[in-house]
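Student: So the sequence lines, in the order shown, correspond to chains A and B.
Take 0 as the starting number for the first sequence in numbering that gives the first Met the number 0 and just add one per residue.
Take 0 as the starting number for the second sequence in numbering that gives the first Met the number 0 and just add one per residue.
Just so you know, the hints here were simulated from the structure itself, not pulled from any lab data.
Just so it is clear, the structure is predicted and the values come from calculations on it, not from any experiment.
Wrong hints could be hidden among the right ones.
Unchecked claim - Sample of chain A residues facing chain B (criterion: CB under 7 Å; computed from the structure): (1) Val-15; (2) Glu-44; (3) Leu-69; (4) Thr-76; (5) Thr-145; (6) Leu-152; (7) Asn-153; (8) Tyr-163.
To be verified - Derived Cβ-Cβ restraints for the label pairs, each shown as a range: (9) B/Asp-138 <-> A/Arg-73: 52 to 60 Å; (10) B/Ala-88 <-> A/Gln-4: 48 to 56 Å; (11) B/Ala-217 <-> A/Asp-181: 49 to 57 Å; (12) B/Ala-88 <-> A/Thr-107: 39 to 47 Å; (13) B/Asp-32 <-> A/Gly-70: 35 to 43 Å; (14) A/Pro-65 <-> B/Ala-103: 23 to 31 Å.
Glycine included, C-beta positions come from ideal geometry on N, C-alpha and C.
Number of protein chains: 2
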Amino acid sequence: MRPDQPPRRLIRAEAVLAARQRQTTLVLENAIDPHNISAVLRTCEAFGIQDVHVVAGDTAPPDLNPAVTLGAERWLTLHHHDDAVSAIAALRARGYRLCVGQLATDATPLFDLPRDVRAAYVIGNERTGVSRAWLDAADARFLIPTSGFTGSLNLSVAAALVVYDRVCVRAATAPGTGDLADTEKAALRTAWYRTLAHGSAALTRAFAAHAQDPPAPAPTFPVDRSKT
Amino acid sequence: MRPDQPPRRLIRAEAVLAARQRQTTLVLENAIDPHNISAVLRTCEAFGIQDVHVVAGDTAPPDLNPAVTLGAERWLTLHHHDDAVSAIAALRARGYRLCVGQLATDATPLFDLPRDVRAAYVIGNERTGVSRAWLDAADARFLIPTSGFTGSLNLSVAAALVVYDRVCVRAATAPGTGDLADTEKAALRTAWYRTLAHGSAALTRAFAAHAQDPPAPAPTFPVDRSKT
Numbered sequence: 000m001r002p003d004q005p006p007r008r009l010i011r012a013e014a015v016l017a018a019r020q021r022q023t024t025l026v027l028e029n030a031i032d033p034h035n036i037s038a039v040l041r042t043c044e045a046f047g048i049q050d051v052h053v054v055a056g057d058t059a060p061p062d063l064n065p066a067v068t069l070g071a072e073r074w075l076t077l078h079h080h081d082d083a084v085s086a087i088a089a090l091r092a093r094g095y096r097l098c099v100g101q102l103a104t105d106a107t108p109l110f111d112l113p114r115d116v117r118a119a120y121v122i123g124n125e126r127t128g129v130s131r132a133w134l135d136a137a138d139a140r141f142l143i144p145t146s147g148f149t150g151s152l153n154l155s156v157a158a159a160l161v162v163y164d165r166v167c168v169r170a171a172t173a174p175g176t177g178d179l180a181d182t183e184k185a186a187l188r189t190a191w192y193r194t195l196a197h198g199s200a201a202l203t204r205a206f207a208a209h210a211q212d213p214p215a216p217a218p219t220f221p222v223d224r225s226k227t
Numbered sequence: 000m001r002p003d004q005p006p007r008r009l010i011r012a013e014a015v016l017a018a019r020q021r022q023t024t025l026v027l028e029n030a031i032d033p034h035n036i037s038a039v040l041r042t043c044e045a046f047g048i049q050d051v052h053v054v055a056g057d058t059a060p061p062d063l064n065p066a067v068t069l070g071a072e073r074w075l076t077l078h079h080h081d082d083a084v085s086a087i088a089a090l091r092a093r094g095y096r097l098c099v100g101q102l103a104t105d106a107t108p109l110f111d112l113p114r115d116v117r118a119a120y121v122i123g124n125e126r127t128g129v130s131r132a133w134l135d136a137a138d139a140r141f142l143i144p145t146s147g148f149t150g151s152l153n154l155s156v157a158a159a160l161v162v163y164d165r166v167c168v169r170a171a172t173a174p175g176t177g178d179l180a181d182t183e184k185a186a187l188r189t190a191w192y193r194t195l196a197h198g199s200a201a202l203t204r205a206f207a208a209h210a211q212d213p214p215a216p217a218p219t220f221p222v223d224r225s226k227t
């Protein structure tokens, strides 16, 4: 038994890491409202989606709103793409099926799309939706069926429903079963432990040592996790 | 056969009406951010939740953001309550089970709560959560389990997940089966038809006549519905 108990925040980080997944990823194309993007990052992080792809298109990537993200971007792998074509190539190279959100009568309801496949869910601009390139490349087009006068959902709401449907409904249980390979976990662990040291040189060294022999993940509770 | 075809917007209104439900209702206590409340109303309207309860508490009810609600409040029945005690009494009188959101280790995961019961889902203030009175009155306490560092969800996201889980996951299909009694439908129809006349005296009279013998609901599509 090591004389030094691993710090609680590392045990917690291991629990988060164990639940991380890359099977589902989200793509935001040209989202206008920084509040929306920030909210999407926060939701993805909360539910264990590790990768988020942001396609900037014509507009510069908007600033994230720290009051909304609560620092979620520190724990995510953000992929920036200049345009849809390069994003599509990158996602295909990573083996993702492309599921493109579209408000169209012949799009498939989200919950009818298979959940146990590696898939990227593409959510378009708040006003104009996804660009043509995505529709041409799509393996599937999906919508979230509604029944009210209001036909369109807020972007951050639509993204959250996609994540919930893919992560929670799929498991019919709490998110928690990740799919990262050990090498992927090791890379994230190195980065996260450094972040968790909050700039302290002593902690950075100590945590790097722990990273060589990481603690076992232990169940954590949301209220606690938000305090890291 | 009537010589005058019912206007398309009334056929659409009947489809929305047929999908309306009161089995699930949402309660927002003391929400601070008008953007959040507006987004929640839009989501509820989109998924066919007819009643939303707003408990103002100490703060004045915030203004709705029309850019976010897209006028959703015109189609909803909003119930304003001065405090939790009167809201609890009103909900109990309407036969609602009280499911109170709480970030607590012993709260039940949302998806484990029964879906086929008449229940009000109470979502507290962004910072402090629900007030004591709700916890004392709760028939169940729920949380939405997460697995990331970020333990808390944005309020409008949490509300949307509750609605989606109760409406879409319950049916495992599109929302669309409402539960309103004919008298409830008639009351809403009168109000909605008046709204749909957009202030025209002639249309108001014509639509009131249609309300006596309403058209059959016809499947509509979200993109169209948002244009009403």
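Student: With reference to the structure, classify each hint as holding or not holding.
Tutor: Consistency of the hints with the structure:
1. Look at A/Val-15: its Cβ gets to within about 6 Å of chain B, closer than 7 Å, so that hint holds up.
2. Checking A/Glu-44 against chain B by beta carbon gives a least distance of about 4 Å; that is within 7 Å, so the hint holds.
3. Proximity of A/Leu-69 to chain B holds as hinted, the smallest CB-CB distance being about 6 Å (cut-off 7 Å).
4. Checking A/Thr-76 against chain B: minimum C-beta separation of about 13 Å lies over 7 Å; hint violated.
5. Interface restraint check for A/Thr-145: the shortest CB-CB distance to chain B comes to about 4 Å, inside 7 Å, so the restraint holds.
6. Taking 7 Å as the C-beta contact cut-off toward chain B, the hint placing A/Leu-152 at the interface holds, the least distance being around 6 Å.
7. Because the smallest distance between the Cβ of A/Asn-153 and any Cβ of chain B comes to about 5 Å, under 7 Å, the interface hint for this residue holds.
8. Contact between A/Tyr-163 and chain B, as hinted, is supported at the beta carbon level, the nearest pair being about 5 Å apart and thus within 7 Å.
9. The beta-carbon spacing between B/Asp-138 and A/Arg-73, approximately 38 Å, falls outside the hinted interval of 52 to 60 Å.
10. Look at B/Ala-88 against A/Gln-4: about 50 Å separates their beta carbons, and that is inside 48 to 56 Å.
11. Separated by about 55 Å at the C-beta atoms, B/Ala-217 and A/Asp-181 satisfy the suggested range of 49 to 57 Å.
12. Taken as a hint, the range 39 to 47 Å holds for the pair B/Ala-88 and A/Thr-107, whose Cβ atoms sit roughly 44 Å apart.
13. A C-beta distance of roughly 19 Å is found between B/Asp-32 and A/Gly-70, which places it outside the suggested range of 35 to 43 Å.
14. Roughly 27 Å separates the CB atoms of A/Pro-65 and B/Ala-103, a value that falls within the hinted 23 to 31 Å.
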